[in-house]
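Trainee: Could you build the full structure based on these sequences and the hints that come with them?
Residues per chain, in single letters:
Protein chains: 4
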Amino acid sequence: MELSLEIELNVRFSDTDAMGVVWHGNYLRFFEDGREAFGAKYELEYLDVYGSGYFTPIVKSEINHKAPIYYGDKVKLITKYIHQRAAKLIFEYQIENIETGAICATGKTIQVFLRAEERTLDLNNPDFYQKWKNKYLTK
Amino acid sequence: MELSLEIELNVRFSDTDAMGVVWHGNYLRFFEDGREAFGAKYELEYLDVYGSGYFTPIVKSEINHKAPIYYGDKVKLITKYIHQRAAKLIFEYQIENIETGAICATGKTIQVFLRAEERTLDLNNPDFYQKWKNKYLTK
Amino acid sequence: MELSLEIELNVRFSDTDAMGVVWHGNYLRFFEDGREAFGAKYELEYLDVYGSGYFTPIVKSEINHKAPIYYGDKVKLITKYIHQRAAKLIFEYQIENIETGAICATGKTIQVFLRAEERTLDLNNPDFYQKWKNKYLTK
Amino acid sequence: MELSLEIELNVRFSDTDAMGVVWHGNYLRFFEDGREAFGAKYELEYLDVYGSGYFTPIVKSEINHKAPIYYGDKVKLITKYIHQRAAKLIFEYQIENIETGAICATGKTIQVFLRAEERTLDLNNPDFYQKWKNKYLTK
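Residue numbers (my numbering), protein chains in the order written: chain A, 73 to 211; chain B, 73 to 211; chain C, 73 to 211; chain D, 73 to 211.
Just so you know, the hints here were simulated from the structure itself, not pulled from any lab data.
Hints may contain errors.
As the list makes no split between identical chains, a pair holds if one copy fits it or if it spans any two.
Below, simulated EDC-like cross-link-like pairs (lysine to aspartate or glutamate); rule was C-alpha separation at most 16 angstroms, straight line [unchecked claim]:
#1 Lys-138 / Asp-120
#2 Lys-113 / Glu-80
#3 Lys-132 / Glu-164
#4 Lys-148 / Glu-189
#5 Lys-180 / Glu-134
#6 Lys-148 / Glu-78
#7 Lys-138 / Glu-78
Mentor: In structure tokens form, the structure reads like this:
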């Protein structure tokens with residue numbers, strides 16, 4: 073079973089730069105929008121995770137730009153959860169221009185589980201996350 | 073005695089927008105640069121304040137734009153401490169184009185003293201701030 | 073007749089700062105969201121304005137903070153168009169916590185009309201804006 | 073010969089998030105600071121490039137986070153130019169905590185040459201860039 077989610081992005085004028093297109097660094101905010109919408113749908117919101125005693129800092133992020141986004145473009149983001157055994161959250165992203173169908177960008181982020189209080193890494197799947205996996209990832 | 077400080081600003085390409093000029097909201101980051109440089113010079117850094125048990129959230133900010141800043145412009149910021157009896161931090165700002173002398177913007181911020189733990193407002197000057205006033209504001 | 077618009081805001085984790093609340097400068101992005109939603113509803117979008125040959129840079133902005141916004145708070149923004157004869161766009165803003173009803177912030181922005189090509193100020197109401205006023209502001 | 077540059081970073085309070093550390097997306101602004109400082113030293117500034125008729129949009133960026141940056145940390149960034157024959161600008165980055173020596177993050181960006189007016193890709197090294205390579209990369 074594949075867990076993924078599609079949202080339309082809200083591109084702000086302030087997201088653009090003097091080349092007239094969305095500044096490349098702002099795509100990480102779009103990916104953040106994707107993760108938050110994913111969490112809202114699949115019960116894995118930041119505040120759920122935090123309520124379980126964890127932060128999930130990003131340890132790796134990657135963006136590949138294929139086509140620019142202009143202010144006024146209608147764009148959508150597909151956020152896909154990538155299953156793995158390790159205590160990680162891996163998402164892949166694809167941003168598409170809704171009108172032309174062009175792929176604007178792809179990307180990936182990897183998050184780990186940090187105990188919020190001690191700020192130490194949990195190398196095993198925290199209980200709440202294992203339960204979440206059991207619920208959403210088994211057939 | 074007037075306490076003020078002048079710094080040259082670091083204008084990033086990512087500060088610009090599709091009009092080709094610095095996006096208006098980014099001026100609040102420049103004001104922040106001014107306050108941090110002021111704090112570094114006059115022993116009133118964020119971490120000093122926090123070490124004394126306080127946050128100083130901004131309760132009012134204001135920007136007046138006179139002329140745009142283009143990427144590549146050399147600009148400086150003057151940050152001026154405005155003395156008052158109340159338990160507030162008030163700064164006024166002026167951004168100038170170094171080459172033309174034009175005033176790009178003026179502004180103002182007001183901060184109050186919040187006890188960091190209880191998150192309650194201190195209506196009196198906290199001890200550390202009164203001492204600071206005694207040191208820097210008396211002739 | 074009063075022109076105003078209410079939207080629910082999308083508060084991102086990246087909008088917060090180390091005090092655990094939304095960083096004050098990000099409110100100007102929320103006001104931007106309000107103006108864009110207003111423009112979408114009342115035919116006064118950035119691209120409409122630009123298509124008529126104008127930019128509408130902000131010449132003044134002001135934020136008054138009453139209560140913090142925490143990540144996860146549900147907040148709404150009311151954007152109100154303030155009518156005046158001059159060739160200006162004036163908006164007033166109010167951000168409210170949906171659950172508690174508390175007012176988090178109020179604010180104001182003033183925009184002027186700049187001919188996009190010459191980058192010169194138009195002190196009179198541009199035709200397209202006069203027509204817009206005639207359509208929306210007369211009873 | 074290796075072309076690289078080291079700068080101390082200016083970490084703003086507004087760069088932090090509610091975890092109390094610099095928000096991961098802001099590292100792309102630090103990398104931007106590195107490229108601009110590199111350009112200033114090695115005659116390859118954005119405005120030089122633009123003056124030659126080109127934009128150099130980022131087509132790929134990557135960040136690997138090893139240790140968090142707290143507000144108040146002294147951190148430095150090393151920006152290294154990676155030589156290649158193709159018409160690309162490739163930089164690798166390393167952010168280090170000055171006091172502890174810890175590596176906070178590494179990263180990489182790839183830029184291509186876009187003719188500013190036509191917005192078309194130049195697959196060959198533009199003249200000005202070939203001259204730059206001849207000057208800086210030959211013994």
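Trainee: Under the constraints set out in the numbered hints, which ones does this structure not fulfil?
Mentor: Hints 1, 4, 7 contradicted; others consistent.
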